[in-house]
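Mind docking chain B on chain A? Use the hints.
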Amino acid sequence: MNAMKVHENLMAEVGIASQSNADLPVFVIQPSHGWVSLRLRELWEYRELLYFLTWRDIKVRYKQTVIGAAWAIIQPFFTMVVFTLFFGRLAKIPSEGVPYPIFSYTALLPWTFFAQAMNQSSNSLVGSANLLTKIYFPRLVIPLSATIAPLVDFAIAFTLLVGMMFFYQIYPTSAVIWLPAFLLLAFTASLGVGLWLSAMNVQYRDVRYTVPFLTQLWLFATPVIYPSSMLHGPWRIILGLNPMTVVVEGFRWALLGVGDAPEGMIWASVGISLLLVVTGLIYFNRMEKTFADVV
Amino acid sequence: MTDIAIRVDNLRKRYRIGQREPYKALRDVLTSAMCAPFRRLRRIPKSEFRNANSEYIWALKDVSFEVKQGEVIGIIGRNGAGKTTLLKILSRITEPTEGYAEIHGRASSLLEVGTGFHPELTGRENIYLNGAILGMRKAEIDKKFDEIVAFTEIEKFIDTPVKYYSSGMYVRLAFSVAAHLEPEILLVDEVLAVGDAAFQKKCLGKMGGVAKEGRTVLFVSHNMAAVRSLCSRAFLLDSGKVCQSGPVEICIDRYLIAADTNALCELNTLTLPRPTVVVDDKATLRITRVKLDTPNGHNIVKTGEPIVLIISFKVFQPLHNVVFGFTVESSDNVRLCDCRSSDSCGPISYMQPGDYSIRAVVQSNPLNPGTYRLSLGARSESKGLDYLPDLMILLVETSERFESLWLENPSGLFRVFSDWTLQSN
Numbered sequence: 001m002n003a004m005k006v007h008e009n010l011m012a013e014v015g016i017a018s019q020s021n022a023d024l025p026v027f028v029i030q031p032s033h034g035w036v037s038l039r040l041r042e043l044w045e046y047r048e049l050l051y052f053l054t055w056r057d058i059k060v061r062y063k064q065t066v067i068g069a070a071w072a073i074i075q076p077f078f079t080m081v082v083f084t085l086f087f088g089r090l091a092k093i094p095s096e097g098v099p100y101p102i103f104s105y106t107a108l109l110p111w112t113f114f115a116q117a118m119n120q121s122s123n124s125l126v127g128s129a130n131l132l133t134k135i136y137f138p139r140l141v142i143p144l145s146a147t148i149a150p151l152v153d154f155a156i157a158f159t160l161l162v163g164m165m166f167f168y169q170i171y172p173t174s175a176v177i178w179l180p181a182f183l184l185l186a187f188t189a190s191l192g193v194g195l196w197l198s199a200m201n202v203q204y205r206d207v208r209y210t211v212p213f214l215t216q217l218w219l220f221a222t223p224v225i226y227p228s229s230m231l232h233g234p235w236r237i238i239l240g241l242n243p244m245t246v247v248v249e250g251f252r253w254a255l256l257g258v259g260d261a262p263e264g265m266i267w268a269s270v271g272i273s274l275l276l277v278v279t280g281l282i283y284f285n286r287m288e289k290t291f292a293d294v295v
Numbered sequence: 001m002t003d004i005a006i007r008v009d010n011l012r013k014r015y016r017i018g019q020r021e022p023y024k025a026l027r028d029v030l031t032s033a034m035c036a037p038f039r040r041l042r043r044i045p046k047s048e049f050r051n052a053n054s055e056y057i058w059a060l061k062d063v064s065f066e067v068k069q070g071e072v073i074g075i076i077g078r079n080g081a082g083k084t085t086l087l088k089i090l091s092r093i094t095e096p097t098e099g100y101a102e103i104h105g106r107a108s109s110l111l112e113v114g115t116g117f118h119p120e121l122t123g124r125e126n127i128y129l130n131g132a133i134l135g136m137r138k139a140e141i142d143k144k145f146d147e148i149v150a151f152t153e154i155e156k157f158i159d160t161p162v163k164y165y166s167s168g169m170y171v172r173l174a175f176s177v178a179a180h181l182e183p184e185i186l187l188v189d190e191v192l193a194v195g196d197a198a199f200q201k202k203c204l205g206k207m208g209g210v211a212k213e214g215r216t217v218l219f220v221s222h223n224m225a226a227v228r229s230l231c232s233r234a235f236l237l238d239s240g241k242v243c244q245s246g247p248v249e250i251c252i253d254r255y256l257i258a259a260d261t262n263a264l265c266e267l268n269t270l271t272l273p274r275p276t277v278v279v280d281d282k283a284t285l286r287i288t289r290v291k292l293d294t295p296n297g298h299n300i301v302k303t304g305e306p307i308v309l310i311i312s313f314k315v316f317q318p319l320h321n322v323v324f325g326f327t328v329e330s331s332d333n334v335r336l337c338d339c340r341s342s343d344s345c346g347p348i349s350y351m352q353p354g355d356y357s358i359r360a361v362v363q364s365n366p367l368n369p370g371t372y373r374l375s376l377g378a379r380s381e382s383k384g385l386d387y388l389p390d391l392m393i394l395l396v397e398t399s400e401r402f403e404s405l406w407l408e409n410p411s412g413l414f415r416v417f418s419d420w421t422l423q424s425n
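One line per chain: the protein sequences are A and B, in this order. By our numbering, the letter at position 194 of the first sequence is numbered 194, and the numbering carries on one by one without gaps. By our numbering, the letter at position 255 of the second sequence is numbered 255, and the numbering carries on one by one without gaps.
Next up, chain A with everything else stripped away, as it sits in the complex:
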């Protein structure tokens, strides 16, 4: 009786049609070859685990630090100070009519998120080796939670931007409603890169040494320090291939009213981000079965 009840609940929860038993889901275990389905539905079933892992990452991040979550502001803040001194004052890089500090900080916000998400997700699988070898769950949960967690830092650092906007008396236009879309684009791009790098890192530990380097190069390939209007001709095309260009320009446009809406480039960036995610998912999925044995 009792058992029957449990099974019924399970069916309601899991919603998997069973084949031979009337009331139990059946899981088939066999070697997979070639293309494997993404099992996104299963990922959905594990959403609570995703929540808890993200929650753990956030919770643990600033434990046993004196100033705690203030670190999330301090890092981009001091980067902004340094950029303002060297690039704004000394190199006199134009900032499209707004003060250089807010010009760079607005760009540093999504950039810091992107860099953190990329960095953390690329190390996420190797860092969770003990989980991978002991428990089954959709492996995608791990890089996904590592990409979501930096959003909290982003939110904290965003408060400083609000303060700066009051200080400089710059108020956003109605374009600000597009801000979440640009954040989503940054998220998609970092997830795509994170999927590739995390799965590669399991196989090739070289990735760990490549990521800091890659982050640095990518920063210079993104108009964080300089406005994209400084570049012309073929350089702009190269810049356009980088999704973060659109994100950074979009942030400035939506919040500060600087520059034009990045209309043309946005579709290329969305396309490239989606391509990164889709190919990343495919690669991740193909490597997934070896994680527990290799990591």
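If you are wondering where the hints come from, they were derived from the structure by calculation, not from laboratory data. Computed from a predicted model, the values in this text were never measured in an experiment. Incorrect hints may have been included.
Said to hold, decoys possible - Result set (EDC-like, lysine to aspartate or glutamate): computed pairs, CA atoms no more than 20 angstroms apart in a straight line:
#	chain 1	residue 1	chain 2	residue 2
1	A	K289	B	E102
2	A	K63	B	D390
3	B	K156	B	D142
4	B	K291	B	D338
5	B	K291	B	D390
6	A	K59	B	D159
7	B	K201	B	E147
8	B	K163	A	E45
9	B	K138	A	E45
10	B	K138	A	D57
For chain B alone, coordinates are given in the frame of chain A:
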């Protein structure tokens, strides 16, 4: 067919020697990619390199079994026998190299206690985190939270980061979460070997409770007492094969006996690696091959059925008055019998050099189900010619013929038939 919980069919798993794939450096892959065209030029397919058998071990070889719902199965075997690999495949952590398995119902695996515990988080937070990792839903954890905390007996420290816990407290917390899992199928690997005696007892009790609720449990352990008290059936694994399945006692016996004889999975025939030529002139007779003649090809004999032993040997010098014999010992080293060829035909008065074989038959096997050791030897008058101690394992199983008469496995070493008559006075 509806009551099957786990069906495993010819499962195989291959690992590289050293258990793990070595980390590949990107550089190596690039180099090998560059060399690939040249390799093809030399007509050496890449797969030939990769399938060099010496590089791999089979952690599991053709494992097949079925487990019914509600059964509690003990899995025993030595280190490296493939127990954990089996659990890892069944819990979908790693994929099999070949084969097929079917799990009916949600399975939770407990390969270690406290998986995913984070030292910086408090006991309370870790209960939620670990619960989620083990597959519990938040609502479920909320509901059982008080029960879990009570089980740990460390309520006072529940809001302390676990990095300040003693290892005992840590394990208590970890096991308490695990003990409150409610999957249909539980795969447990040697997790009870933790905590103090009292807590271990409590955990065993909890596991027993789980079993009584009708859940299916696969329980890997080296703790024979735990296996005995919890499991209804057992599998003995050796070098990646199930070499014995059935009643717990038989598997345990065989496991314990194997610790002495160094061989678990032999077949019924033993060909002995002995020199075929005389090395020294003292060698007069050498047993070269021993075969337990059974219909199934294994060293399994049923109670009440004949035991047939065929011994092949070589004689190097003319011999007089030769007697062959074998002894049977129980798993606790009691010598049960000593059967000699002189019983039926007297000593063999004269033998010329050459190859021979001799056949011994025990008409009706009197042994009760269990595992026994067989030793055999030959002597001539008072001089020992050859002696092979603990040569072979003899497995005795219940014969179906008796199953209706004897409801359970009878106790004692021998089955002695007795006539009973009931009278009313």
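Quiz item: If you check each hint against the structure, which ones fail?
Solution: 2, 8
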